[in-house]
Every structure is written in C-alpha cells, then in structure tokens.
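For the protein sequence lines, the chains are F and V, in the order given.
Last residue of the first sequence? That's 286 in the working numbering, and every number before it is there in order.
Last residue of the second sequence? That's 235 in the working numbering, and every number before it is there in order.
Hints are computed from structural coordinates only; laboratory data are not their basis.
This one's a predicted model, so the numbers in the text were calculated from it and none came from an experiment.
Backbone N, C-alpha and C fix where the C-beta goes; we use that ideal spot for every residue, glycine too.
One or more of the hints may lead you astray.
Coverage of chain V stretches by chain F, computed from C-beta distances (three or more under 8 Å per stretch; other residues unrestricted) [to be verified]:
# : stretch
1 : 13-20
2 : 40-52
3 : 184-198
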Amino acid sequence: MMKTDEKLIINGKRLDGRKPMDIREIEMKVGVIPNANGSAYVRFGKTTAFAAVYGPRELIPKHLQEPDKAILRCYYNMAPFSVSDRKRPGPDRRAVEISKVTKLAIEPALFLEEFPETTIDVYIDIIQADGSTRVTGINAASLALADAGIPMRDLIVALSGGKIDDTLIIDLCGKEDNYSEADIPIAFLPNTKEITLLQMDGRITPQEVKDTIRNILKAGEQVYKKQKEALKNRYK
Amino acid sequence: MTEKEKIREIVLPGEIIGNTKTEKSGHGTFIRDQNIISKFLGIPKKNKDYISVIPLSGVYTPKRHDKIIGIVISVEKSGWIVNTNSPWKGFLSLSEGVRDFIDIRKVSLKRFFDVGDIIYTEIVDVRNGDIQLSMKSPSSRKLEDGVLVKITPSKVPRVIGKEGSMINSIKEKTKTIIRVGQNGVIWLTGQDIEKAIDAIKMIDEKSHIFGLTDKINIFLSDLNDENR
Numbered sequence: 051m052m053k054t055d056e057k058l059i060i061n062g063k064r065l066d067g068r069k070p071m072d073i074r075e076i077e078m079k080v081g082v083i084p085n086a087n088g089s090a091y092v093r094f095g096k097t098t099a100f101a102a103v104y105g106p107r108e109l110i111p112k113h114l115q116e117p118d119k120a121i122l123r124c125y126y127n128m129a130p131f132s133v134s135d136r137k138r139p140g141p142d143r144r145a146v147e148i149s150k151v152t153k154l155a156i157e158p159a160l161f162l163e164e165f166p167e168t169t170i171d172v173y174i175d176i177i178q179a180d181g182s183t184r185v186t187g188i189n190a191a192s193l194a195l196a197d198a199g200i201p202m203r204d205l206i207v208a209l210s211g212g213k214i215d216d217t218l219i220i221d222l223c224g225k226e227d228n229y230s231e232a233d234i235p236i237a238f239l240p241n242t243k244e245i246t247l248l249q250m251d252g253r254i255t256p257q258e259v260k261d262t263i264r265n266i267l268k269a270g271e272q273v274y275k276k277q278k279e280a281l282k283n284r285y286k
Numbered sequence: 008m009t010e011k012e013k014i015r016e017i018v019l020p021g022e023i024i025g026n027t028k029t030e031k032s033g034h035g036t037f038i039r040d041q042n043i044i045s046k047f048l049g050i051p052k053k054n055k056d057y058i059s060v061i062p063l064s065g066v067y068t069p070k071r072h073d074k075i076i077g078i079v080i081s082v083e084k085s086g087w088i089v090n091t092n093s094p095w096k097g098f099l100s101l102s103e104g105v106r107d108f109i110d111i112r113k114v115s116l117k118r119f120f121d122v123g124d125i126i127y128t129e130i131v132d133v134r135n136g137d138i139q140l141s142m143k144s145p146s147s148r149k150l151e152d153g154v155l156v157k158i159t160p161s162k163v164p165r166v167i168g169k170e171g172s173m174i175n176s177i178k179e180k181t182k183t184i185i186r187v188g189q190n191g192v193i194w195l196t197g198q199d200i201e202k203a204i205d206a207i208k209m210i211d212e213k214s215h216i217f218g219l220t221d222k223i224n225i226f227l228s229d230l231n232d233e234n235r
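Take these sequences, add in the hints, and give me the full structure.
Laid out in structure tokens, this is it:
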C-alpha cells in the first residue's frame, strides 16, 4: 500500500468524476479473432483485455489428460506496453497467480465432463492496464467461452471493489488501485449469485467486506446486461 | 441484401427457456430448480414437449451412426488413425476398413488408405474419447480429388436443408458433386466449386436468419446470370 498526499475522493467524486458506486464506460465485442474457436474484447475505461478460447482440443502430453473430463488452462498475460513502465515480457509470479485464480473462477461455470481427455485453453491478453485487469480478463473469458460454443451453466461476471479515504467504491481505476486501502476482486455467476472468485488485499473491516460483496452483486447486473448485449450483437 | 434481415431468437448460456412442469429438457439444456436452462449461445427449438438448444458454434461431438469425412493421419499395424475434425481421433480397424482377408505380414496397409487420404466413413461406436469407424456401409468410400471445406458442425443440418433441399439446389445450380460429413467437413468436386463454396460459407454465416433457402437460391441464380 503506497501513500499519497493526493485526495482520491473530493466532494463525493472520484478522480475521473465518478460517484463511488459508478462503473466506468464498458465496451464489449465478441468474435474478434477469426482463428480462435471463440474470442472477445472487453474494455472497462482504459483497461482493455482480449480473450481467445481454443478447444476443446486434443491434450498433449497425454499424462495431463483426465479420463472423465476436460482440463481448463488459463493464460493471463500483460503486454509489455500495457503499463507506463515497460513490463518485462513473459509470465511472472503475478501472472501465474492470476492465471490460476482465473481458472478457478471460470471452472464452476463449465460442463467439463462433456469432453473427456481434452483441453480447453483460454488466453487472456491485457493490452492496456488501468486497474482491475483480472476482472476485465474474466469478463472477456466469459464471452469468449460462450462464443466458442462450450456448454456453460452461466456466464461469469466479474467486478472489483475497494476502499479509499474510508469510502467503499467499485470498479477501481489504476490510481485508485495503487493507493487504495483495500482492493477486492469478485467474480460470480449472475443467475445463482454463486461467488467463484474472492480475493482481498489491504485493511478493511468484516462488515465492509460484506457491504462490498453486496454492492458488487448489485452493480454486476450492469456488466451482465452488457455481456448479454455483446453476445446477441454477434449474430445480427 | 440491403433489406433488414429477420433473425431467429437467440438464447444465452444460463438463460431460462422452460419449465419441467410443462416441457422436457432436450439437447443443449440442463435443469436447475425445475427450470430448463440453456447451455449454449444458440437457437432454441421446440419438438413436441422437448425443448432443446442448437449451438451457433462449437466443435463436433461424435455420435454413433454419424457419417463423417475424415482424413487419414497415420497407418498403424492393424488399422488407420483418422482425423475426425473433433477433439478425439478416430480408429478404423483393418477388418472394418477392407472387405477381403488381408495378410498383414505380406501386404502393406498403405495400399488401401495412405496418410492424407480422405474417406467418407461411418462412426460405429463412441466410448470416452475412442471413436471406432467403419467402411462397411454402402455409401462409405475413399474420396478422390475434390476440395474440402470446413463449417460449424452444428450448422450441417442447415446446409443439407429439409430433405436435402438446400444441398440439392446448390448441386444443381453449380453442377457440382457434394458430400457433407456430419462433422462439418464438406467435400466438393465438379464445375463451379468456388460458387458452391461461397454458398456454403454464406449458409454457415447466416444460419440464424429466416428464409435462408430463398436467399441462397437468389445468390446462386445471380451468379449464373453473371456468367451468361
């Protein structure tokens, strides 16, 4: 947690003029990569993610195969130019962790048992990072999986919450992310409200965590609506 | 195609499309709390009291008695391994592939099917990632020459049309011979292959639009006029 003298909330307005419970402008497109089985582009403000799904396809090496279900592999990658200080390319500790939690967030939504001995590969690339990249990546992955025709229980909606200057906020931008007191990314299945990703970083009281979860489940409806629109626009 | 195209209703994964009290859950759906829910991004279909969803994309899942077009990728000791355009490989055993008795010590299996050969074959059995193929059915054969086109496997019924109406009109108007595999691989040979491919690609892209057969007929006759 870095410290800053700059006020992050002035007169109830955040750095980019949003109210605490406002989400940034969202843009979603489906079917942007022709060679992938399914793909999507998601933008939350300046944070931009592409997701591509390949498969179900044959899994090599054979020892990784599961005899009764497909395995899901997620690769989260940040482009070197996505942040102001060049990011060293290649997977690092952070990317490995985010790949893992993304996999765990997506897995409960899929009927993996329909494709034994195969793999479903999800590649998430962050082209521009301005906070909340992992939830943007999960939203993109959700659309790409639906576009790939993979059987799903539900779409996956993800949104980040946090706390700055003793105020609970949602959908953190880069600066808020860096200087926030706490940061909570959440992913959930919108129809059953099952939470599949819940991480927390910083100092926050148990009551505030509960409030943040409630806020995100409510605000997630907007993201869910955008996802539905994007998928329907694919076939127009 | 300037006029507005009417599109079919599209459902999303997780969307409730029926109730178990009045309907039965068919292909592409699952049940949660008495609700029938779609598994796919696709087009819902009602057949008697069954409600099902046809996905708009996705890979081919092999089914018994499907006739598919496969490509031989390897010749083994007592059979052939075939690419089935699905996540799993198919196996064509010697006894299913060739009618006569073959002494494998004396005859190389490459004489019958070699790597790269295209075969029209039937799936006789599917067990968890193990597809058994057979050439015994009368329509099965090796496909010589021709061009292969891949489309979304779930759209194969649209390419064929009602009782073959769509595929027959394409065949007639472009003077081609076409074979459609259930796995989304289409083999063509004859005169206007390019036109036929364009028509097939169009069906693949616009399968969710009403009145597709008419549209394809117009498309094909337009092309015929240009040639005159």
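Evaluation of the provided hints:
{"no.": "1", "hint": "13-20", "verdict": "holds (count 4)"}
{"no.": "2", "hint": "40-52", "verdict": "holds (count 5)"}
{"no.": "3", "hint": "184-198", "verdict": "violated (count 0)"}
The structure is inconsistent with hint 3 alone, although it conforms to all the rest.
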